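There are 2 protein chains.
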Amino acid sequence: MTTGVRNILFIMIDQLRWDYLSCYGAKSLQTPHVDALAARGVRFTRAYAQGTSCGNSRASFYTGRHVRSHGATWNDIPFGVDQWTLGEYMHERGLQTVLMGKTHMRPDSNGLVRLGLDPGEGLGFSLAECGFVLGERDDGLHPEGPLGYYSARPPRYNDYLRSHGFTGRNPWLEWANAGEDEQCRIVSGFYIENAHRPARVPAEHSETAYMTGRAMEFIDAAGDTPWCLHLSYIKPHWPLIAPAPYHRLYGPEDVPPALRSEIERTAPHPLLRGFMNHRVSQTFTRDEVRARAIPTYMGLVRQIDDEIGRLMAYLHEKRRFDDTLIVLTADHGDYLGDHWLGEKDLFHDASVKLPLIVVDPSSASDAARGSACDALVGAIDLIPTFIETLGGTPPRHRLEGLSLQPWLHGKVPSSWREAVFSECDYARLPVAKAMGLDALEARMTMAFDGRWKYIHCLGFAPMLYDLKDDPDELRDLGRVASYASIRERMKDLMIDWAAGLRNRTAIDDKEMTELTGKSLQQGILIGFWSEDDVPAEMRPRPLNAPN
Amino acid sequence: MTTGVRNILFIMIDQLRWDYLSCYGAKSLQTPHVDALAARGVRFTRAYAQGTSCGNSRASFYTGRHVRSHGATWNDIPFGVDQWTLGEYMHERGLQTVLMGKTHMRPDSNGLVRLGLDPGEGLGFSLAECGFVLGERDDGLHPEGPLGYYSARPPRYNDYLRSHGFTGRNPWLEWANAGEDEQCRIVSGFYIENAHRPARVPAEHSETAYMTGRAMEFIDAAGDTPWCLHLSYIKPHWPLIAPAPYHRLYGPEDVPPALRSEIERTAPHPLLRGFMNHRVSQTFTRDEVRARAIPTYMGLVRQIDDEIGRLMAYLHEKRRFDDTLIVLTADHGDYLGDHWLGEKDLFHDASVKLPLIVVDPSSASDAARGSACDALVGAIDLIPTFIETLGGTPPRHRLEGLSLQPWLHGKVPSSWREAVFSECDYARLPVAKAMGLDALEARMTMAFDGRWKYIHCLGFAPMLYDLKDDPDELRDLGRVASYASIRERMKDLMIDWAAGLRNRTAIDDKEMTELTGKSLQQGILIGFWSEDDVPAEMRPRPLNAPN
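Chains as they are written, first to last, in our numbering: chain B, 851 to 1397; chain A, 851 to 1397.
Among these hints, one or two may not hold up.
One side only, chain A facing chain B, incomplete, derived with CB under 7 Å [stated by the list, open to error]:
| hint | residue |
| --- | --- |
| 1 | G854 |
| 2 | S872 |
| 3 | G930 |
| 4 | V963 |
| 5 | A1028 |
| 6 | E1030 |
| 7 | P1107 |
| 8 | A1108 |
| 9 | T1135 |
| 10 | D1137 |
| 11 | M1285 |
| 12 | A1348 |
| 13 | N1353 |
| 14 | L1375 |
Listed next, the in silico DSS-like pairs over lysine-lysine satisfying Cα-Cα at most 25 Å (straight line) [as the list claims (entries may be wrong)]:
| hint | chain 1 | residue 1 | chain 2 | residue 2 |
| --- | --- | --- | --- | --- |
| 15 | B | K1341 | B | K877 |
| 16 | B | K1341 | A | K1360 |
| 17 | A | K1283 | B | K1368 |
| 18 | A | K1360 | A | K877 |
| 19 | A | K1283 | A | K1318 |
| 20 | A | K877 | B | K1283 |
| 21 | B | K1283 | A | K1341 |
| 22 | B | K1360 | A | K1283 |
| 23 | B | K1318 | B | K1283 |
Restraint-style ranges between C-beta atoms, simulated for each label pair [what the hints assert, rightly or not]:
| hint | chain 1 | residue 1 | chain 2 | residue 2 | range |
| --- | --- | --- | --- | --- | --- |
| 24 | A | A1141 | B | S1335 | 33 to 43 Å |
| 25 | A | A1386 | B | E1054 | 31 to 41 Å |
| 26 | B | T1243 | A | R1123 | 51 to 61 Å |
| 27 | B | I1376 | A | H941 | 29 to 39 Å |
| 28 | A | G875 | B | A1117 | 19 to 29 Å |
| 29 | B | D1342 | A | S878 | 58 to 68 Å |
| 30 | B | C1034 | A | G1367 | 48 to 58 Å |
| 31 | A | I1374 | B | P1052 | 24 to 34 Å |
Note that these hints are calculated values from the structure, not bench results.
None of the values given here were measured: they were computed from a predicted structure.
We put the CB at the ideal spot given by N, CA and C, even for glycine.
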């Protein structure tokens, strides 16, 4: 079906919890512009990340494949050169594919060297950067420590800040992600005690506004050339510091109570206990931390909402509203102290569940506008959705996701997945060392069927949550004898899933089908007693016939 | 440990059943030269193929990875360019890596084109041919049918035959794999009714002798340059026709009784029934077929044994006996009518179990000479064994096998795998069509723990065999209620196995470890309330310090 869609605007918001948007139920925090997108499109209420940190989750967005299949198992772990990426799929459909912001992708340098490809140009560059060939990559992490800078290169944003008078060695750190204390000393946004201070740049020069502006510049320059624009906001990811007035829109009274209970600490799963022992978990367990950090997190989300409002107005002005598919999502959430945890990586909804809003401007979607969809969906579904929206057929020998188009058009597909899956390789987290696990043993896999969330933990007992009777996921049933049959059923789903992953990626279904049955007519005669048993049209020429 | 081994001789015998060697218990068929290898080395009694047809099994031998990981799921399905292969690992250790015979590898042409590599030369050729850079590839399948030749190119062996007076359009088919009937008509070796006739070439010009000769030529030419030689025999794979005298060494009286029972046909697993319906299964179920085919199969094995004797004498003469590791194995077996089945693909021992003999010439192996080892081992273990034997450390972030060196040195490693796994993608077999399965649904996975053989069948009930109480695998317990707890335990092994496969292949454990903990000292300060909480040596410079 042709939809008239020519462009894709794929907005990702780093570390945005699904429930910190008013259309998903946030209370004090209002996000009217995101809500307006939801009113124009479909809001998915059970969307899940395929990985729970930036690198692995994004790799699933950018390849349409599970972590087990692409192999970028955590931050800074590359996937191999063989993986097709968003940019490559979009290029096939004739779209200029542009990044503005973060991908967190580390190129497979070893693989590129092995193949004699230069990551700095042409094909090598495209493979090294998810197929994005234009735009501005900025992963939003530019601090410096005793071992030097975290990022190899300073961001273009530093030059931008300097050109606006925010000078110094590293304006990203000293202005955009810093505040000033009562003694007018510059203090770092990395320290949570400073989260209530305004950033040292005005909102219009913050990272969020800057990237929005870069996206608008691109849209303007592109004119009528079709594009896929990945606008990838860095906030509300830490450092938690917001420019005025967003630093003071919310206060401790707006902070939702922590989702946690004493039961969770009584006899937790050993891995859960290990994660609770992480410094960030201990920190976010303190009420003063939540009271200081979360209002700023909310302010940063609110700023993004305002910038999305600005961007939508611009799209409208440029007459791109009716031919652009718009997606708004996140790479994962943030515990923010829920379940006695900080950061992400585990599989409670606070971490693994995603906001996902898709606006299909075509008339085929009119019936679905403003609706909520509770189908089990995920990061891997975006590339197939984009391809189908642009009139193509998603190559399912590589892509593990499903096109969301039926849901976007208000239809119920005849079959859909029974469960969603997500994975975590925690080898690089302190818990692995504390548990004595080596680099290949720290693996968890989640299966969620809409009610039961089963988590396979290599080397440990599983976890199990019943989201119907225990929606806040406070009671781990993984070792409760009476739930054995539920666990067995979830294991069956997990084995089937693993067996059905797309490993035969080198040839598509068409090539596969063409091969089949051909060999018999090329003389490969298996299991025939005599020539008489071979159908006449399949028979090779007699051996003693003249050449 | 340095072993003094400089060369690797890796002999593969196509479609050789593990129990058609006298050292593995064959009765009439005597294989003294293979037995002599077993007497010099270690004979593995529980070696298993990771795939059950030529292409997928060999891809596991050539990559050291399971089918699920390399993706060459059946014959003519390529694995991707990212996969490292035997030749590449051996090249790293300074060995010239040479193929004489069959690989059945189809190059990833799409992947090579995408990366701008020419499969005809240099890196592209190496990637297209498992890293073999010298030698002679001959997959041993050169028939012709109404759609033309099966192989793209005629074999060099055709030229060889012509130079010895065996002329014609396709001497492989007309001489080496043909016989003559009573009316002196040339008849094809593809038809089993002709299996008792002598081939039209003398033994010394048969494929088996030819490839042995080619191997000897290479060994002679190589001199003292270290090498890895993959001598890959085509026989006893069909066409089943043997040169004199091997065509008449065995008769119907030498054919072992078929391993099968009426129980198997009473209410078989639906997939087993589907495979029983294949033409080749129906054919090999007939006693006259077994009586005609199996003596020739035995004769072909006996010929290989003689050629191995010739090769060993040559190695000895060339003083290569003490610095060459020798491996003899097969890619899979052949049902030959057992279980009412023909060919391979399923997971009874007749199909999935391998002969595997490894001769380590170093003195460290003296204690183990002539011993049998019942450890669970497989195709994926060869590359790690080769690397360790040559003094290297197998890169376990890619390789899924384990080095056999402890067993070769008569030691029991402190830990070993609990089960072996094998896979089958039967999408291209008639059973898939008969079952209405599409190109991605036809998947089976076997787990064998030394007693229980559990087979997960995507979309169907599992199969289960108890090899202790039912060593002939005649009774499928997959749907017998009282074995539910066994099945659950095997499922747990399968989930653990799948979760532990090597997907993070782009960086090794060392790079992984170096990354860990570094970010904190590059200023990534997560979960700190204030600077006071950061250990002094990790602290970034104060922000208001002079540059």
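Going through the numbered hints above, which ones does this structure break? Give me the numbers in ascending order. Violated hints: 1, 2, 4, 6, 7, 8, 9, 10, 11, 15, 16, 18, 19, 20, 21, 23, 24, 26, 28, 29 and 30; rest satisfied.
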